[in-house]
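Asker: Sequence:
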Amino acid sequence: MYYRYSASDPRFTGDLLGKGNSTLDNNTFYTTGPYYERYRVIRNCYYLLDGVNNTTAPLSAAQKNGYRGFAKTIIAYQLLLVLNMQNENGIRVDVKDPDNLGPVVSKTQAFQYIANLLNEAANDLSNAGTDFAFDLSSGFNGFDTPATFRQFNRALAARVAVYRQDWTGALTALNGSFLDVDGNGSISLSDLQSVDLQKGPKHFFSTSGGDELNPLYLPLNNGGEVRAAHPSFVSDAEAGDKRADPNDDAGKIRTRIDAFNADGLSSPYDTWVYRSNDAPIPIIRAEELVLIYAEANIQLNNTTDAINALNVVRNAAGLSNYAGSTTQSALIDEMLKQRRYALFAEGHRWIDMRRYGRLNQLPIDRPGDDVWESFPLPANENVN
1 MYYRYSASDP
11 RFTGDLLGKG
21 NSTLDNNTFY
31 TTGPYYERYR
41 VIRNCYYLLD
51 GVNNTTAPLS
61 AAQKNGYRGF
71 AKTIIAYQLL
81 LVLNMQNENG
91 IRVDVKDPDN
101 LGPVVSKTQA
111 FQYIANLLNE
121 AANDLSNAGT
131 DFAFDLSSGF
141 NGFDTPATFR
151 QFNRALAARV
161 AVYRQDWTGA
171 LTALNGSFLD
181 VDGNGSISLS
191 DLQSVDLQKG
201 PKHFFSTSGG
211 DELNPLYLPL
221 NNGGEVRAAH
231 PSFVSDAEAG
241 DKRADPNDDA
251 GKIRTRIDAF
261 NADGLSSPYD
271 TWVYRSNDAP
281 IPIIRAEELV
291 LIYAEANIQL
301 NNTTDAINAL
311 NVVRNAAGLS
321 NYAGSTTQSA
331 LIDEMLKQRR
341 YALFAEGHRW
351 IDMRRYGRLN
361 QLPIDRPGDD
371 VWESFPLPAN
381 ENVN
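If you count the sequence shown from 1, position 204 lands on 204 in the UniProt record's numbering, and the numbers rise without skipping.
Source of the hints: derived by calculation from the structure; they are not laboratory data.
Predicted, not measured: the structure shown is a model, and the values here were computed from it.
Ideal Cβ positions, reconstructed from N, Cα and C, are used throughout, including at glycine.
Mixed in with the good hints there might be a few duds.
What the hints assert, rightly or not - Beta-carbon label-pair distances, calculated as ranges:
(1) Asp9 <-> Gln193: 43 to 49 Å
(2) Thr303 <-> Asp196: 24 to 30 Å
(3) Pro58 <-> Leu189: 44 to 50 Å
(4) Leu136 <-> Pro219: 29 to 35 Å
(5) Gln198 <-> Asp258: 30 to 36 Å
(6) Leu136 <-> Asn21: 43 to 49 Å
(7) Gly129 <-> Thr327: 45 to 51 Å
(8) Asn277 <-> Leu189: 34 to 40 Å
(9) Arg355 <-> Asn26: 19 to 25 Å
(10) Ala147 <-> Ser188: 16 to 22 Å
(11) Arg355 <-> Asn301: 17 to 23 Å
(12) Ser106 <-> Pro58: 39 to 45 Å
(13) Asn315 <-> Ala7: 37 to 43 Å
Said to hold, decoys possible - Keeping only pairs whose Cα atoms sit at most 30 Å apart, straight-line, the calculated BS3-like set for lysine-lysine is:
(14) Lys199 <-> Lys337
(15) Lys202 <-> Lys96
(16) Lys202 <-> Lys242
(17) Lys19 <-> Lys107
(18) Lys96 <-> Lys107
(19) Lys64 <-> Lys199
(20) Lys202 <-> Lys64
(21) Lys96 <-> Lys64
(22) Lys202 <-> Lys107
(23) Lys19 <-> Lys199
(24) Lys242 <-> Lys199
(25) Lys337 <-> Lys202
(26) Lys337 <-> Lys242
(27) Lys19 <-> Lys337
Modelling step: build the complete structure from the supplied sequences, incorporating the hints.
Answerer: In structure tokens:
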């Protein structure tokens, strides 16, 4: 967790933290911005699908399947991002016809739709030949053929599966993902220990004309615009954890020259995950896949496999092998802790604590603050 402070916009530390009587607004930037931007991407993907289905261009059946597999994967991913914010509110999944939108469906129904769409896309990609008929950005280097993009698709499917508590389904999806280093269709200890934990497709940013800059980057020791790491990120860390060491190059924080102190909040640390304005933002990384493998095996009581996976993440952070209790409850605690530190500032902590019913364990730093369970549906949705 970190504080996002803006001297020019009090809503970051007001509305988002439930300061005083503040509540989340259903008609402001933090609600409508991500909601409609993601549906805009989905709209563009449907334009692509319509174009492929109706084109007279000399595209082969395999090339058309490549377009379809790509578009459906991106649609599913965008729907997942919307659902992560809306949670029990549910979301619209049938949005192909902008003049005849489908209803808002339940969280369970939305997850099922997303999972099915990812499976459809995987089938398309399996029948898309060896090369795409289009280019992807450098953020997809290594995932720019039908076969390797399908590995990305299966990684997303594994994430969706654990969110749905489909533990066996998560492991099956991982078998087709880029966690399968040796390519034999199953995950082994060798795969876990040899995979590059940073591997995965990324959002690409650039200072070149026409490109965008990383919106999560802020310089160290900034004053008016700050991403200050919550002090508990350091105080709760296990001794020797490089990720919580502000003096280690692998550390995800840095000590500020002057501590952040504003609006009743304080921290001596800056968040330092994205270290330049063109740093990429991961969409999904192998380290998350290792932790998905651990989580699914914990839930299936495959204790040895779970601990092996947790140790891969621990060892990469400079920690020794896990030596705590091997009860399912204790291993869930350890898994969530490793997710907290491994995936810091990548958008997982709130979702993880919510799906395990632990939002009440997140810190409240001012009397009267709130931890929200979801964002409101935008006012323009008119779903009464």
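Asker: Work down the list of hints and note, for each, if the structure agrees.
Answerer: For each hint, the structure was consulted:
Separated by about 45 Å at the C-beta atoms, Asp9 and Gln193 satisfy the suggested range of 43 to 49 Å. At roughly 26 Å, the beta carbons of Thr303 and Asp196 sit within the given window of 24 to 30 Å. Restraint check, Pro58 to Leu189: a C-beta distance of roughly 47 Å satisfies the suggested window 44 to 50 Å. Range check, Leu136 to Pro219: Cβ separation about 30 Å, and the 29 to 35 Å hint holds.
Separated by about 32 Å at the C-beta atoms, Gln198 and Asp258 satisfy the suggested range of 30 to 36 Å. In this structure the hint that Leu136 and Asn21 lie 43 to 49 Å apart at CB holds, the actual value being about 47 Å. One distance hint, 45 to 51 Å for the beta-carbon pair Gly129 and Thr327, holds here, with the actual separation near 49 Å. Range check, Asn277 to Leu189: Cβ separation about 39 Å, and the 34 to 40 Å hint holds.
Against the hinted window of 19 to 25 Å, the Cβ-Cβ separation of Arg355 and Asn26 comes to about 23 Å, which satisfies the hint. A hinted range of 16 to 22 Å for the beta carbons of Ala147 and Ser188 is consistent with their spacing of about 20 Å. Take Arg355 and Asn301: their Cβ atoms lie about 19 Å apart, and the range 17 to 23 Å holds. About 43 Å separates the C-beta atoms of Ser106 and Pro58, a value consistent with the hinted range of 39 to 45 Å.
Roughly 41 Å separates the CB atoms of Asn315 and Ala7, a value that falls within the hinted 37 to 43 Å. Annotation: proposed proximity of Lys199 to Lys337 holds, straight-line Cα distance about 21 Å (limit 30 Å). Using a Cα cut-off of 30 Å, the hinted pair Lys202 and Lys96 holds, with the two alpha carbons roughly 26 Å apart. Restraint check: the Cα-Cα separation between Lys202 and Lys242 comes to about 23 Å, which is no more than 30 Å; the hinted pair holds.
For the proposed pair Lys19 and Lys107, the alpha carbon gap of about 28 Å is at most 30 Å, so the pair holds. Note on Lys96 and Lys107: the hinted pairing holds, with a Cα-Cα distance of about 19 Å set against a maximum of 30 Å. At roughly 28 Å between alpha-carbon atoms, Lys64 and Lys199 fall within 30 Å of each other, so this suggested pair holds. With a C-alpha separation of about 24 Å, the suggested pair Lys202 and Lys64 falls inside the 30 Å cut-off, and the hint holds.
With a CA separation close to 19 Å, the supplied pair Lys96 and Lys64 stays within the 30 Å bound. Distance hint between Lys202 and Lys107 is fulfilled; the C-alpha atoms sit about 27 Å from each other, no more than 30 Å. Distance restraint check for Lys19 and Lys199: the Cα-Cα separation of roughly 38 Å exceeds the 30 Å cut-off, and the hinted pair is therefore not satisfied. Taking the CA atoms of Lys242 and Lys199, the gap is near 19 Å; set against the 30 Å cutoff, the hint holds.
For the hint pairing Lys337 with Lys202, the CA-to-CA distance comes to about 24 Å; that is within 30 Å, so the pair holds. Our distance criterion of 30 Å between C-alpha atoms is met by Lys337 and Lys242, whose separation comes to about 14 Å. A C-alpha spacing of about 27 Å is found between Lys19 and Lys337, which places the hinted pair at or below 30 Å, so the restraint holds.
Checked against the numbered hints above, the structure violates only hint 23.
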